[in-house]
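Novice: These are the residues of each chain, in order.
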Amino acid sequence: MIQTWADLWPILPEIGMLLAALALMMLDAFLPTSKRDWMFALSLLTLLIVAFLVCLDFSYAVPQRLMDGLFVRDALGDVLKLFMLLATAIVFVYGRHFFAARRQYFGNFYVLSLFAVLGMMVLVSAGNLVTVYLGLELMALATYTLVALDRDNGIATESAMKYFVLGALASGILLYGMSLLFGVTGSLDLREINQKLIEVAQADQSQIVLMAFALTFIVIGLAFKFGAVPFHMWLPDVYEGAPTAMVAFIASVPKLAAVGMALRLLSEGMYVLQPRWQEMLALLTIGSLLIGNLAALAQYNLKRLLAYSTISHVGFIFLGLLNGQAQGYSAVLFYSIVYALTTAAAFGVIMSFAREGLEFDRIDDFKGLNKRSPWMAFLMLLVMASLAGIPPLVGFWAKLQVIMAAVALGKTFAWLVVIAAICAVIGAFYYLRVIKAMYFDASDVDVQPLASVDVRWVLAANVLLVTVVGIYWAPLADVCNAVFMHR
Amino acid sequence: VVVDSQLLSLLIGLPIAAAIAVLALGEKRAALGKALALLTSLIVLLLALRAWVLFDGSSADMQFVEKAAWVPVFNIFYHVGVDGIALPLILLTAVISALVLIAGWEVIEQKVAQYYASFLVLEGLMIGVFCALDAMLFYVFFEAMLIPMFIIIGVWGGPRRVYASIKFFLYTFLGSIFMLIGLIYLYQKSGGSFAIADWVQLALTKDEQFWLFWAFFLAFAVKIPMFPVHTWLPDAHVEAPTGGSIVLAAIMLKIGGYGFVRFSLPITPDAAASYAYILIALSLIAVIYIGLVALVQSDMKKLVAYSSISHMGFVTLGLFIAYQLAMDARPDTAALALQGGLMQMLSHGFVSAAMFGAIGVLYDRVHSREIAAYGGVLNKMPYFGAFAIFFGMANCGLPGTSGFVGEFMVILAAIQANPWIGFAAATALILGAAYTLWLIKRVFLGPVTNSHVRHLDDLNPREWVLMGTLAIYVLFFGLYPKPLTDVMQPSVERLVAQITSSKLAADASANLSQEIAP
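Top to bottom, those sequences are chains X and V.
Every letter in the first sequence is one number past the one before it in the working numbering, and letter 385, counting from 1, is 385.
Every letter in the second sequence is one number past the one before it in the working numbering, and letter 395, counting from 1, is 395.
Since the hints were made in silico from the structure, they are not lab data.
Just so you know, nobody snuck in bad clues.
Selected chain X positions facing chain V (in silico; Cβ < 8 angstroms):
#1 P391
#2 M404
#3 V407
#4 A408
#5 V417
#6 V425
#7 L432
#8 K436
#9 Y439
#10 N481
The structure displayed is predicted, hence computed values, not measured ones.
Positions of the beta carbon are idealized from the N, C-alpha and C atoms, including for glycine.
Working from the sequences, and respecting the hints, build out all of it.
Specialist: Given below as C-alpha cells:
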C-alpha cells in the first residue's frame with residue numbers, strides 16, 4: 001500500500017517518464033516550426049533523467065514490491081530499462097536525421113516512443129497480470145500509432161493496419177490465457193499464481209488440462225509479440241512498410257520488453273509448468289530458426305531481410321529461455337541487449353543514407369559502398385558479422401551463451417542445438433550477401449551518406465560498443481549473471 | 001628484456017594494432033601505410049626469432065605463458081603459450097606474412113590500405129591460433145580469420161571470386177560450428193573449464209569421444225582440407241590474389257593439422273584410435289586420387305592447389321598412422337610418424353608459398369594462369385626459371401629439399417605400420433613428380449611458343465627477395481632439419497604419451513601403459 005510519498009520512490013522513473021511525455025506532447029502542439037529541435041533535445045534529456053533515476057535506486061538485492069505486488073522493482077527490470085532507454089536514445093539520434101533528410105517532421109515520433117518506453121518500463125516491472133497487460137497495451141498502442149504516423153504513406157498505413165489487427169488479436173489471446181489462469185488459481189499476482197498452481201494441481205488432477213490451456217494461450221500471445229514462427233506474419237510486412245526510423249525503434253526496444261515479459265510470465269508466474277512450456281518453446285524455436293533463416297535467404301530488401309533475421313534471433317532467444325534456469329535467463333538477457341543495440345546500428349546505417357525518394361533499403365543500394373564510403377561500409381561489416389555470430393564480435397558471445405544454456409539441458413535437446421548450429425551457418429550466408437554487395441560489387445549509383453556529424457559519432461560509438469563489448473564482454477555478462485543471482 | 005614477458009601478446013597484438021593504424025591512415029596515405037605494415041611484419045619476424053632463440057628446446061612444457069582473466073563468469077582466460085609444435089608454425093607465419101606483404105608491394109593497386117590491413121589482421125589472428133591454450137580463445141582466433149580472408153579473396157580475387165569467397169566462408173564456418181558445440185560440451189563435462197590442458201586429462205566415455213572426435217574432425221578436416229570436404233580449396237586458391245593463395249596454402253591449411261594435434265589426438269585418443277583407419281583411408285585417397293586430379297589440370301594455380309591437398313594427405317596420414325604404431329607398441333616409430341606429419345606441414349608452408357609466389361610472378365606479367373599460355377619461359381627468365389624448377393623439385397620431394405624430409409619420415413613410419421599403406425603413400429611421390437615435372441616442362445622448358453612469352457622480363461628485386469628467401473628456407477631445412485626436429489622432439493614425445501593413454505577407464509589405461517612400457 002502507498003502510505004507516504006516516500007513509497008512512490010521506486011516508481012519515480014515511471015512517474016518521471018509519464019510527466020515528461022505528457023509535457024512534451026503539449027509542447028509539440030504549440031512549438032513554432034523554427035524550434036522543432038527542442039523536441040529532440042528534450043526527449044533525449046528525458047531519457048537521460050529517467051536513466052539517472054533508474055540508476056539512483058539500482059540494486060541487485062531482493063526485489064521491492066509495491067502496491068500489493070502490482071509493481072516489482074528489481075535488477076532485472078532495471079537493467080532492461082536502462083538498455084531500453086539507451087537504445088531509444090540511439091534511435092532518436094538516427095531518427096531525427098532520417099526525417100530531416102526526407103524533409104519530414106513528426107514531433108509525435110518522440111512523444112509516442114516515450115509512451116511506448118513507459119509502457120515497456122511498466123511491463124518489465126510487472127508483478128501482476130493486470131500490470132503486464134497494462135504495460136503491454138500502452139506499448140502496443142503507441143507502436144501501432146508510430147507505424148501509422150506517416151499517414152500520406154500508403155504502405156506504412158497498410159503495415160500499421162496489419163500490425164494493429166494482428167497485435168490486437170495477440171493481446172486478445174494473451175488476455176484469454178490470463179483469464180483462464182485466473183479461473184484456475186483465483187489470483188492475478190504472478191508469485192501467488194505459481195504457488196496456487198502447485199496446490200491446485202495436487203488437489204485436483206483434472207485442473208491440469210485447464211492449466212495447459214491457459215499456458216498455451218499465454219505462450220501464443222508471447223510468441224505473437226516476439227514474432228516467433230508460426231506467429232510471425234506481421235513482422236516482415238511491418239519492417240518493410242514502416243518508415244525506417246520507426247522500424248529501428250520497433251525492432252530493437254520492444255524485444256527487450258518482450259524478454260522481460262516472457263521472464264515475468266513464464267519464470268515467475270508459471271515456473272511449475274516449466275516442462276510444459278519448455279516443449280512449446282522448443283517448437284517455436286525450431287520453427288523460428290528454420291523459417292526465419294530460410295526466408296531471409298530470398299530477400300532483396302534489407303529491411304525485410306532484417307525482419308526475417310529478427311525471427312531467427314527470436315529462435316535463439318527462445319533456445320536460451322527453454323533452459324529454465326538462471327543460466328538460460330542470463331543468456332537470454334545478454335542476447336536481447338546485444339541484439340537490440342546491434343539492430344539499432346544496422347538501421348542506423350540504412351538511415352544515414354536514406355533521403356527523400358530513396359529508402360536505401362535494397363541490398364543493391366549497398367553495392368560498392370566500400371568504394372564510396374569505406375568507413376560506413378566497415379561499420380556495416382562489423383554489424384553484419386556480429387549478427388552472423390562471428391567472433392570476436394559480441395553477437396558470437398550472445399549465441400555462445402544461449403547454446404551453452406541449451407547444451408546444459410543434456411541429450412533431450414541435443415537435436416535442437418544441432419539445428420541451431422546449422423541455422424547459424426545458413427544465417428551467415430545472407431549477412432555475407434550484404435558484405436559481398438558492399439565490398440565485392442561495383443556500385444551503380446553514387447549515394448554518399450547524408451548523415452550529420454552527430455549521427456556519425458553516435459553510429460560509430462554504437463558499432464564500437466558492439467565491437468568492444470565483443471572483446472571485453474565480461475562486465476555485461478557479470479551484470480546479466482548478477483541479475484539472476486538473488487532470484 | 002621487458003618484451004620477453006609479453007612476447008606472445010606482442011606477436012598477436014602488434015600486427016592487429018598496425019592494421020588499425022593502416023586503416024586509419026586511409027587510402028590517401030597508403031604509401032605510408034604500406035611502409036608501416038612492412039615494418040611491423042619485420043618487427044614481428046624479429047620477435048618470433050627472439051622467441052625461437054629463447055625457447056628451451058629440451059622441454060615439452062608450454063613456454064612464454066601468459067594468463068589473464070578474460071570472462072571470469074565462464075572461466076574464459078586469455079591464456080597463451082607455445083610448445084615445440086606451435087613455435088615453428090609461429091615462425092613460419094611470421095616469415096610468410098612478411099613475404100606476402102613484399103609480394104603485393106607493386107602488384108596491388110586498388111584499396112591498398114585495406115589490403116595491407118587485412119593481411120596484418122590475419123597475421124595476428126593466425127599467430128593467436130597457434131598460441132592459444134584456452135579453447136575459447138582458440139575458437140575466437142580460428143573463426144575471426146574468416147572475415148579478413150573472405151575480404152581478401154572477394155575484393156582482390158579473380159573473376160569467380162564471389163563464389164569462391166562465400167564457399168570458403170560457409171564451408172569453414174559449417175565445420176567449426178560443430179566444433180564449438182564440442183567445446184561447450186567439454187566445458188560442461190570438465191566442470192567449467194575451457195583450458196585445453198584440463199581436457200587432455202579429462203576422462204571421457206567411448207560415446208562421448210565418438211561425438212567429440214567427429215565434431216573436431218568436421219572443423220579440422222575442412223580446414224586442412226581432407227577428401228571429401230576439400231572442394232572449397234581449389235576454388236579459393238585459384239580465385240584468391242597471389243598473397244591470399246600463399247597465406248591460405250602456407251599457413252591456413254596448417255591450422256587444420258595443428259587443430260588435429262591440439263584437440264583430436266590428445267582429447268579423444270580412444271576414438272581417434274578406433275577411427276584412425278578411416279582417416280588413413282581418406283588420407284590415402286587424398287594422396288593418390290587428388291594427385292591424379294592434379295595431373296589433368298590446365299590451370300597452374302589449380303594444379304598447385306590440388307597438389308596442396310595431396311601433400312596435406314601426408315600430414316593426416318602421419319598423424320593417424322601413429323595410432324596404429326602406438327597400438328603395436330612402437331612409440332618411437334609413432335613419434336617418427338607424428339614428426340613427419342609436422343615436418344611436412346612446415347615444409348609445405350615454404351614450398352607452397354614458393355609455388356604460388358612463382359605463379360604470381362608469371363601472372364603479374366601475362367595475366368593468365370593457363371599452362372597453355374606459356375612455354376619456354378626459361379629462355380626469357382633464366383633466374384626465375386631456375387628458382388621455379390628448384391621449387392618444383394621441392395614440391396615433388398627431392399632429397400636435399402625440405403619437401404623430402406617430412407614425406408620420407410611419414411612413408412618410413414607407414415611401411416612399418418603396414419607395408420601396403422607405405423606403398424600406397426609412396427606412389428604419391430611418383431604422382432607428385434609427374435604433375436610437377438610435367439608442369440615445369442610445359443611452362444618453362446622447350447622453345448618459346450607464345451608471343452607474349454618473348455617479351456617477359458626476369459625477376460625484379462622485389463621478386464628476388466621473395467624467391468630467394470623461400471629458396472634459402474627450403475634448402476636449409478632440406479639439408480639440415482635438425483633444428484626443427486630438435487625443437488619438436490620433446491613435445492612430440494609427450495603427444496605420443498597422450499595418444500597412447502586411454503581415457504576410457506583407469507584400469508584399462510593401466511593395462512595399456514604396461515604394454516607400451518619397454
